[in-house]
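Peer 1: Sequence:
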Amino acid sequence: MKNVFAAFLTFACLFFAQNLMAQTANAPKDEVKVVSVKVSGVCCNGDLATIKKKLVNQEGVDAVTAGDAKKEATNIKVTYHPGLISEAKIRSLIEKTEGCEKPGDLPYKVKAVTYL
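Following numbering that gives the first Met the number 0, the numbering of the sequence shown begins with 0 at its first residue and continues without gaps.
Bear in mind the hints are in silico, worked out from the structure with no lab data behind them. Hints should not be assumed to be uniformly reliable.
[As the list claims (entries may be wrong)] In silico DSSO-like cross-links for lysine-lysine, where the CA-CA straight-line distance does not exceed 30 Å:
#1 K51 / K108
#2 K53 / K101
#3 K101 / K52
[Stated by the list, open to error] Here are the in silico distance ranges between beta carbons for each label pair:
#4 K101 / V33: 28 to 34 Å
#5 G45 / S91: 28 to 34 Å
#6 G82 / C43: 17 to 23 Å
#7 K69 / K95: 18 to 24 Å
Since this is a predicted model, take the numbers as computed values, not measurements. C-beta: ideal position from N, C-alpha, C; glycine also.
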């Protein structure tokens, strides 16, 4: 009886493993998107570093780049996988990032998002 059970268990494991490999092989490639996010309230390069760190540490974000900080509006380029993180989540993360001048203050506001 033990041999029959062991054979059944082995068969079941092989069956599930084969199905799992087939699903992985047939999975669509993850799409990559690039957006330019216009953000106000960025006063210095320290602010940019804080925002970059917050975004890069998120699953699904590949890269974050930005030019110099401009208080009126700074463009931040984000490369991400929409299957893992949404554009809305990226906006939210930016706006919920604390400023470097006054901890607890949320000075950043997303003004526009442009798909590149």
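Peer 1: Taking the hints in turn, state whether each one holds.
Peer 2: Hints, one by one, checked against the model:
no.	hint	verdict
1	K51 / K108	15 Å, holds
2	K53 / K101	17 Å, holds
3	K101 / K52	17 Å, holds
4	K101 / V33: 28 to 34 Å	32 Å, holds
5	G45 / S91: 28 to 34 Å	21 Å, violated
6	G82 / C43: 17 to 23 Å	34 Å, violated
7	K69 / K95: 18 to 24 Å	21 Å, holds
When held up to the earlier numbered hints, the structure conflicts with 5, 6 and fits the remainder.
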